[in-house]
Amino acid sequence: MSDGGQVRKGGGSEQEPEEHVEETPESDAKDVLDDVDELLDEIDDVLEENAEEFVRGYVQKGGQ
Amino acid sequence: MATPKYVGVETEFGIAITGPSDVNPVVASSLVVGAYRGRGRRDVRWDHSDEHPLRDARGYEHPDPHEPFPDDDLGLANTVLTNGARFYVDHAHPEYATPECSNARDLVIWDKAGERILEDAAAQAVTTLPPGSRVLIHKNNTDGKGAAYGTHENYLVPRSVPFGRLTRQLLPFFVSRLVYVGAGRTGNEFDEVDVPYQLSQRADFFEVEVGLETTLKRPLMNTRDEPHADPELYRRLHVINGDANLCEVATFLKVGTMLLLLDVIEDEALPELPGLADPVRAFHRVSHDLTCAQPLRMDDGSRMTALEIQWHYLDACQRYVKEGNVDDVGTTAVLDRWEAVLTTAERDPRALDGQVDWATKLALLESFRDRHDLDWGHDRLKMVDLQYHDVRQDKGLYQRLAARGRVERLITDAEVDAAMTTPPEDTRAWFRGECIRRFRDQVVAAGWDALIFDVGRDALQRVPMMEPGRGTRAMTAELLDSVDSAAELLDRLTS
Numbered sequence: 004m005s006d007g008g009q010v011r012k013g014g015g016s017e018q019e020p021e022e023h024v025e026e027t028p029e030s031d032a033k034d035v036l037d038d039v040d041e042l043l044d045e046i047d048d049v050l051e052e053n054a055e056e057f058v059r060g061y062v063q064k065g066g067q
Numbered sequence: 007m008a009t010p011k012y013v014g015v016e017t018e019f020g021i022a023i024t025g026p027s028d029v030n031p032v033v034a035s036s037l038v039v040g041a042y043r044g045r046g047r048r049d050v051r052w053d054h055s056d057e058h059p060l061r062d063a064r065g066y067e068h069p070d071p072h073e074p075f076p077d078d079d080l081g082l083a084n085t086v087l088t089n090g091a092r093f094y095v096d097h098a099h100p101e102y103a104t105p106e107c108s109n110a111r112d113l114v115i116w117d118k119a120g121e122r123i124l125e126d127a128a129a130q131a132v133t134t135l136p137p138g139s140r141v142l143i144h145k146n147n148t149d150g151k152g153a154a155y156g157t158h159e160n161y162l163v164p165r166s167v168p169f170g171r172l173t174r175q176l177l178p179f180f181v182s183r184l185v186y187v188g189a190g191r192t193g194n195e196f197d198e199v200d201v202p203y204q205l206s207q208r209a210d211f212f213e214v215e216v217g218l219e220t221t222l223k224r225p226l227m228n229t230r231d232e233p234h235a236d237p238e239l240y241r242r243l244h245v246i247n248g249d250a251n252l253c254e255v256a257t258f259l260k261v262g263t264m265l266l267l268l269d270v271i272e273d274e275a276l277p278e279l280p281g282l283a284d285p286v287r288a289f290h291r292v293s294h295d296l297t298c299a300q301p302l303r304m305d306d307g308s309r310m311t312a313l314e315i316q317w318h319y320l321d322a323c324q325r326y327v328k329e330g331n332v333d334d335v336g337t338t339a340v341l342d343r344w345e346a347v348l349t350t351a352e353r354d355p356r357a358l359d360g361q362v363d364w365a366t367k368l369a370l371l372e373s374f375r376d377r378h379d380l381d382w383g384h385d386r387l388k389m390v391d392l393q394y395h396d397v398r399q400d401k402g403l404y405q406r407l408a409a410r411g412r413v414e415r416l417i418t419d420a421e422v423d424a425a426m427t428t429p430p431e432d433t434r435a436w437f438r439g440e441c442i443r444r445f446r447d448q449v450v451a452a453g454w455d456a457l458i459f460d461v462g463r464d465a466l467q468r469v470p471m472m473e474p475g476r477g478t479r480a481m482t483a484e485l486l487d488s489v490d491s492a493a494e495l496l497d498r499l500t501s
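Going down the list, the sequences are from chains A and B. The numbering of the first sequence is my numbering, which starts it at 4 and goes up by one. The numbering of the second sequence is my numbering, which starts it at 7 and goes up by one.
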């Protein structure tokens, strides 16, 4: 659904500072990134279609 | 030693209908509530005879009512569940009021059960609408377009505690607790361009310090005096400034801190703190400050941050517990969590991701924003904000985060499942729920403090339950087990 996201993912991980990789094992850091990406993939999947229209139409009556 | 405290939380859920149906939100809410039958059985009506929403804690009946009394004449669904909860329509929203709970962890369980009940009810309601219709339920407090709806906490407090003391000692607490109570929202109500996201769903809708109203000129300290218990002994503190929380840790802290603090205030063990110079403005400012570090002006000329104010309350509560005034594991868990959350917030409030809603949702929004390169005002970000609160387990974004283990759980799914149909055992909710389960056809109406039976005699019989700590399983199970009918139960109760 979102090609843009894949591009950003690559860019983000390349910019990881060197010293950060030293204190966190590379595999762990990669797992975390994969996990976030997986989560965002899922959100792209479950997010309301026609989000713009839905959000504009979401009007509630005031309550307490 | 303070009196035992009890708590219940009422939530008005957002409701949206899409597709070919042309039903208004009042009818839709009624459909949702009505769809959730006790497995095809008759509803137990709500008993309104004890309701006085216009009575003021400051000692008078309000002369100019803004709030209509609840009205069964409209035929709106209004029922009581076997778990002791009330499920009804209020102000065009389906509302779930938890049964009375004796501690914060139980409240989290029965509050979560409410999410599952709404999810079930909406799924059933949609089958009565034309194909292609959808009924979406959100556990949120604003549509982001100027409407707000409530999540109210209710605490039983002895009437001997002066209302003025409660107000004075609680206002700074209410303002500063947004750090963990806020459920987060995109945008604001003041067209401020530099507030694209804030801690609280509801803060912007508060306009006055103290008052009776709940739907307009909302007050930080609400004065509704309707104890639903012996009015000589108790008042019900009606706290309307909180948000609806999805995160279990947030609900646990929201309620746990209040239960303990009310003991401390009752026992006059809270060291005086300067008041906020302008509590309403401070409430907005704290909500708009994602750093939680902005100093607030106090009425003695000093300045304190929201976190410093919270530490003041935490210190007092820790001292109170250390002195042996409270001795239970639940309270220790509240103190430990409270301290941990403030410590984390001092370092980096955003690190509360996974524990409190505003930070969890913010982290999600930031990742999503980054991936799709979106501006803060983009409708797709508003969609993520909204869908975070969707109660459906397969679509709600909080629910998806929880399923992935990205938010911390305090309770189990099995406990939530059980709480959808069974009441807490250590409050009067147990007697209410059990009577409805055992004698549904004879209980014609139920309220917080009474059950009304029709056992075929000349008059209906009302069983008062004026003491929230009575009617527990320990006190009434033996009696209920020993009778074969509601008539026999009434005879035993009146003999």
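These are computed hints drawn from the structure, not numbers from a lab. In this text the structure is predicted, and so the values were computed from the model without any measurement. All C-beta atoms in this analysis are idealised placements derived from N, C-alpha and C, irrespective of residue type, glycine included. Please note: incorrect hints may appear among the correct ones.
As the list claims (entries may be wrong) - Computed list of lysine-lysine pairs in BS3-like fashion (alpha-carbon distance at most 27 Å, straight line):
# : chain 1 : residue 1 : chain 2 : residue 2
1 : B       : 223       : B       : 151
2 : B       : 151       : B       : 401
3 : A       : 64        : B       : 151
4 : A       : 64        : B       : 401
5 : B       : 328       : A       : 64
Stated by the list, open to error - So the derived label-pair ranges between C-beta atoms look like this:
#  : chain 1 : residue 1 : chain 2 : residue 2 : range
6  : A       : 38        : B       : 133       : 42 to 48 Å
7  : A       : 38        : B       : 54        : 27 to 33 Å
8  : B       : 468       : A       : 62        : 20 to 26 Å
9  : B       : 415       : A       : 53        : 48 to 54 Å
10 : A       : 59        : B       : 130       : 45 to 51 Å
11 : B       : 56        : A       : 37        : 25 to 31 Å
12 : B       : 130       : A       : 34        : 37 to 43 Å
13 : A       : 59        : B       : 329       : 53 to 59 Å
14 : B       : 236       : A       : 38        : 50 to 56 Å
15 : A       : 52        : B       : 487       : 23 to 29 Å
16 : B       : 237       : A       : 62        : 49 to 55 Å
17 : B       : 420       : A       : 47        : 46 to 52 Å
18 : B       : 10        : A       : 59        : 45 to 51 Å
As the list claims (entries may be wrong) - Which chain B residues face chain A? A few, computed with CB under 10 Å, are given here:
#  : residue
19 : 21
20 : 24
21 : 26
22 : 28
23 : 29
24 : 222
25 : 232
26 : 236
27 : 279
28 : 381
29 : 391
30 : 401
Quick rundown of the hints versus the structure:
1. 223/B x 151/B: Measuring from Cα to Cα gives roughly 17 Å; hence the hint holds.
2. 151/B x 401/B: 23 Å, holds
3. 64/A x 151/B: This hinted pair holds, its Cα atoms lying about 10 Å apart.
4. 64/A x 401/B: Satisfied, since the Cα-Cα distance of roughly 24 Å is no more than 27 Å.
5. 328/B x 64/A: Since the Cα atoms of residue 328/B and residue 64/A sit roughly 47 Å apart, the hinted pair is violated (cutoff 27 Å).
6. 38/A x 133/B: 42 to 48 Å: Given a distance of about 37 Å, which is not inside 42 to 48 Å, the answer is violated.
7. 38/A x 54/B: 27 to 33 Å: This hint is violated: roughly 51 Å between Cβ atoms.
8. 468/B x 62/A: 20 to 26 Å: Given range 20 to 26 Å: violated, Cβ gap about 42 Å.
9. 415/B x 53/A: 48 to 54 Å: About 33 Å separates the Cβ atoms of residue 415/B and residue 53/A, which means 48 to 54 Å is violated.
10. 59/A x 130/B: 45 to 51 Å: 28 Å, violated
11. 56/B x 37/A: 25 to 31 Å: 57 Å, violated
12. 130/B x 34/A: 37 to 43 Å: The hint (37 to 43 Å, Cβ to Cβ) holds, given that residue 130/B and residue 34/A are roughly 40 Å apart.
13. 59/A x 329/B: 53 to 59 Å: 56 Å, holds
14. 236/B x 38/A: 50 to 56 Å: 53 Å, holds
15. 52/A x 487/B: 23 to 29 Å: About 53 Å separates the Cβ atoms of residue 52/A and residue 487/B, which means 23 to 29 Å is violated.
16. 237/B x 62/A: 49 to 55 Å: 39 Å, violated
17. 420/B x 47/A: 46 to 52 Å: 32 Å, violated
18. 10/B x 59/A: 45 to 51 Å: 48 Å, holds
19. 21: 8 Å, holds
20. 24: Check passed: Cβ of residue 24/B comes within 7 Å of chain A, closer than 10 Å.
21. 26: 14 Å, violated
22. 28: 14 Å, violated
23. 29: 13 Å, violated
24. 222: Given a least distance of 8 Å, the restraint on residue 222/B holds.
25. 232: Nearest chain A Cβ about 13 Å off; hint violated.
26. 236: 25 Å, violated
27. 279: 29 Å, violated
28. 381: Nearest chain A Cβ about 13 Å off; hint violated.
29. 391: 9 Å, holds
30. 401: 5 Å, holds
In the structure shown, a violation is registered for the earlier hints numbered 5, 6, 7, 8, 9, 10, 11, 15, 16, 17, 21, 22, 23, 25, 26, 27 and 28, in ascending order.
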